[in-house]
Amino acid sequence: MPSVCFYFEVHQPYRLKPYGALQVGRDHEYFDQKLNAEVLRKVANKCYLPANESMLRLIDRTDGRFRISYAVTGVAIEQMKLYAPEVLDSFVRLAETGAVEFVAETYYHSLAALYDKDEYREQIDLEMKLIRNEFGQTPRVFRNTEFIYNDEIGQFISDLGFEAMLIEGADDILDWRSPNFVYTVAGRDTKLLAKNYKLSDDIAFRFSNQAWGEYPLTADKFAGWVHGHSGAGDVINLFMDYETFGEHQWKETGIFEFLEHLPDLILTHPHWDIVTPSQVIDRYPALGELPFHRTVSWADEARDISAWRGNAMQQRALAEIYALGPQIRKRNNSHLLALWRRLQTSDHFYYMATKSASDAEVHDYFSPYEGPYDAFIHYMNVMKDLNLSVLAPAEKQIRL
Amino acid sequence: MKVLMLGWEYPPHISGGLGTACEGLTTALAERGIEIDFLVPKLYGEENAPHMQLLGAASAALMGPVPVETPRPLAELIAAEPALATDPIFMAAAAAAATQPQAGPPAEPSVRMLRVPAMLKPYLDQVTYRELIRTGALKESVAAEIAAAQTVNPLPAPPHEVTRLEHVHIPGDDLPFAEAAPSGAHYGEDLFAEVARYAISATRRVYGQKYDLVHAHDWMTFPAGIEIARRAGAPLVVHVHSLEYDRSGHGADRDIVAVEHQGLEAAARVVAVSYYTRGLINRVHNTPLDKISVVHNGVYARETVEAYTEQRTSTGPVVLFLGRVTFQKGPEYFVQAAARVLEQVPDAVFIMAGSGDMLPRMKVLVEDLGITESFRFPGFLRGAEVERAFSTADVYVMPSVSEPFGIAPLEAMSYDRPVIVSKQSGVSEILRNALKVDFWDVDKIASQIVALLELPELRRVIVERAREEIRHIHWDAAAATLVPIYESVLRG
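If you're matching them up, the sequences are chains A and B in order. Residues in the first sequence are numbered from 1 upward in steps of one, following my numbering. Residues in the second sequence are numbered from 1001 upward in steps of one, following my numbering.
Keep in mind the hints are simulated off the structure, nothing from the lab. No residue lacks a Cβ here, since even glycine has one placed at the ideal position from N, Cα and C. Keep in mind that the hints are not guaranteed to be accurate.
What the hints assert, rightly or not - Taking CB as the label site, the calculated pair distances span: (1) 216(A) x 1212(B): 44 to 50 Å; (2) 364(A) x 1364(B): 39 to 45 Å; (3) 225(A) x 1487(B): 45 to 51 Å; (4) 1456(B) x 327(A): 20 to 26 Å.
As the list claims (entries may be wrong) - Here are some chain B residues the structure puts well away from chain A; computed CB gaps all over 12 Å: (5) 1009; (6) 1114; (7) 1124; (8) 1126; (9) 1233; (10) 1235; (11) 1265; (12) 1294; (13) 1355; (14) 1377; (15) 1378; (16) 1477.
Generate the whole structure from the sequences, applying the supplied hints.
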C-alpha cells in the first residue's frame, strides 16, 4: 500500500536592519523589528492562519486519514510569540489532532552543521526542547537546514539517535534509484526519506506558472500523477516551504482550492494513503544505503551549498561568525549567546548570494535588501559593532 | 538606409560624455549597415593632445576619406612631447597601431564626417558662452583654422535660398546672418544666435542631399535637425542625453528649455538614454511616454592598465570623484560623505577631479570641514591623466543629483574599479554590480565607501562580476535597439 508523505517547512529569520558603517559603535540593536513584525503578520494572514485552518478542516473531514508533518524553527516560533501568537495557537491545535508530526531541525535554521558540531548539537537540543514544550511531541525524525546533507551530517544525526532524516532527492545522488523508496544513511541504520522534487516542485514552484505545459494544475490531475506511481514505489515525499500556500503562490492562484481537494482525491484510490515520516519508517523497509559524494541542499539549480557560501563575501561572513564561538561561550551570557545564534541563521548568507538568472530572482524575492552587496555590508557592520562594543575589553562593554 | 546624424565631435576614447556616445552609436550603426552622414559643429582653436589623435585614428579610418586626419608618425609625436614616451597608454596604443595594418578608406564608406565651423560645444550655457567670447581665447585662431578647413573639406557654395530658418524659432534667429563672410568668422552675439547660425550653416552644408531620417543629439542641434528634416521631408529623431533640468535643476534656462521643447515636439520619435530620462522628459515637457524610446548607452571594452597602480603617490586608499564640478554632479555630497568616511578611515584620500562652477565652493567646504589634508583638486583631467586617475583609485563615486545616463561609472568599471552610483542616474538602471544610493543619503554613501575600503571580499566580488557585466553593455546592443526604432519611424 503506497503512501504520500507531506512535509512543510516553517521558518522566519530575524532580518537585520540596514546597518551602515556610521552606526558602528553607536547602535547595538541589530534587527529590524518593524520589518520582522510586518513580514510575520503578513505571512500569518496570507499563509499560516488560512493554511492551518485548511489543514484542521481536512484532518477533521477525513477523520485523520489526512496527515501532515512540519518543522517549525525556533526563531519562527519566537517571532510568532512576539508578533502573532494566534499562529502558534493554531499550530498547537494541529498538534492536538494526532494527525500532525513535528520534525526536528536546528532552532536557528543555521549552517552550524558545516562549521561547529558542538554548536550544531546544542541548536538541535534547543529545538527538541521547544517542540516538547510547545507541541508535546518528541521528534524521531530530523531535517537539516535547507536539506543540507552529506554522509558526515547523516552519521552525526544518526549518532544523536534520530531514526530518519528528510533529504533532497537529487538526481546525481539517487542515480538509477527512485526517490519513492526508503534508503539509509551510509554506514548507519537511520532511514532517509528523499523528496520527490518533480512532484513537490510542480506544486511549490510551477503551480501558477502559465508558461508551464501542465498549467493549470488541478488536484484531480495531480492525484492522477500520484496514482500513476502505483507499484513503482512505497512513498511519494512531497516536501516544500509551508509559505507555498498563500505566500509564494497567492490565494488568487487557486492554491487553497487545490489543497482543499487534493487529500480526498489521493484517498479515493483504495491502495493509497497519506502518512507522516514516522509512519514511513515504521512501515517501509530500507532498500539500501544512499551514499552522498557531495554536499546537497534543496536550493537553487545546483542543489548544493553555493546559495550560502558560493562567493567570497559569504565565506568571510560565515568564517567570522563561527570564529566568535569560543569568545561568546566564555561570556556565559544567555542574551549574548542568543544574539550570536540569531546571526547564524542561514538567510543572512542567502541574501549575499551573487547568482545569475532564475536563481537570482529567487534570492531577490526573499531578500529584504537591495542586493547581495548591501546584505554583506549590513552584516559585516553588525559584526564590527559586535566585536567593538559587545566583545570589547570589559570596561568598554555594552550591557545586554 | 541613409541617416543624417547631427552630433558632436568624437573625443578620445577615455573621456565620457556626448562625443563618446555619438561615436559609439554611429560606429555601431555603421557596422549594421546604416549609411550615415555625421555632421558636427567644429569648434576651432581647441587642439587635441597629440596622442588623442592617435587613439582616434582607428575610428578616423572608418570615417572614410573625409576628413583628412592621419596620425602623425610616432617619432614626430614623441619629439613634440617627450613625456609621451613614458606614457604606457600611449605606447600601448602606438604598439597596437604599428601591428595593425593601416586600413585604407573602405570601398564604400558608410560614415562620412562633415564639419561645420561653429562656436559650439556640448553643455554650453549663456554664461559660459559669453565668457568664451569675452576672453577671446579662441578668436585668433579661428580664421586660420577655417582657411585650412576650407581647403581640406570645402563647403559648397551656400545656395541662395538658404538664408533663414523657416521651420524653427530660436531666440536670436532674427539677427542678420553674415552671408558674405566665411561662416564661423562671425560667430553669434549670444549662444542662441550661434545656435541659429549653426542651424543655417548645417542646412547649407547638406543642401541637396537625400536622407531617409535625421537624428539630432541634444538641444543645440535640435534647430538644425528640425530645419533640415523639414526641408528634406524626412522624419526627425531627437536623442536626449541630458535635459536642461538635469544640468541646472530649478535654475533651468527657459530659453534652452524652449528649444528642447521644439525638438521634442517636431520629432517623430524621441530617444532617451534611460528610463529615468524618459520619465523626466514626460514630466518636464509633457511628451507622451509612448513617443519616447529608451536606448541605453554602451561602453568600450578595454584592458586594465595595471602600470598605473605602481605609480600611486598617496599611502592611503583613494576615493575618486571625476566629472564636472557642477550642481548636476552632486559634488557637495561627495565632500560631506568624505568627512564621515575620514572618521572611520583617517588615511583615506579624496580626489575631486574636474572643473566647474561649484569648484571654488567645494574648496571652501573642504576647508570648513577641516579635511583639506585629505583632499586633492587636480582640476580638469585629460587623456592619460583620466586613465591614471581611474587606475589608481580604490573607489569611484558618482553622486549625481540628476544623471540621464552616466558613462563614467562604466569607464571606472572597465578599469576594475568598484563604483558607487546615485539612484538618480540612468546607468543605475542597467547595473547590478555597483553600489547604489540616493544622492542625498550622505551617511549611506559614506558607509558604502568605508565598506569598499575595508572589505576586500566585497571589492573582489563586485569587480569580478562587474567585469563580466560590462561586456554586455556595448554599443552594438544600443545600435541593435535603435535600428528597429528607425524602422518603425520610417513606417510612420
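Hint check results:
1. 216(A) x 1212(B): 44 to 50 Å: holds (49 Å)
2. 364(A) x 1364(B): 39 to 45 Å: holds (43 Å)
3. 225(A) x 1487(B): 45 to 51 Å: holds (47 Å)
4. 1456(B) x 327(A): 20 to 26 Å: Given about 23 Å between the Cβ atoms, the range holds.
5. 1009: About 37 Å separates residue 1009(B) from the closest Cβ of chain A, which puts it past 12 Å; holds.
6. 1114: holds (44 Å)
7. 1124: holds (37 Å)
8. 1126: holds (40 Å)
9. 1233: Non-interface label stands for residue 1233(B): nearest chain A Cβ at 46 Å, farther than 12 Å.
10. 1235: About 37 Å separates residue 1235(B) from the closest Cβ of chain A, which puts it past 12 Å; holds.
11. 1265: Given that every Cβ of chain A is farther than 12 Å from that of residue 1265(B), nearest at about 38 Å, it holds.
12. 1294: Non-interface label on residue 1294(B) holds, nearest chain A Cβ at 22 Å vs cutoff 12 Å.
13. 1355: holds (31 Å)
14. 1377: Given a closest Cβ separation of 25 Å, the condition holds.
15. 1378: The assertion about residue 1378(B) holds, with a minimum of 27 Å to chain A.
16. 1477: holds (18 Å)
When held up to the earlier numbered hints, the structure conflicts with none and fits them all.
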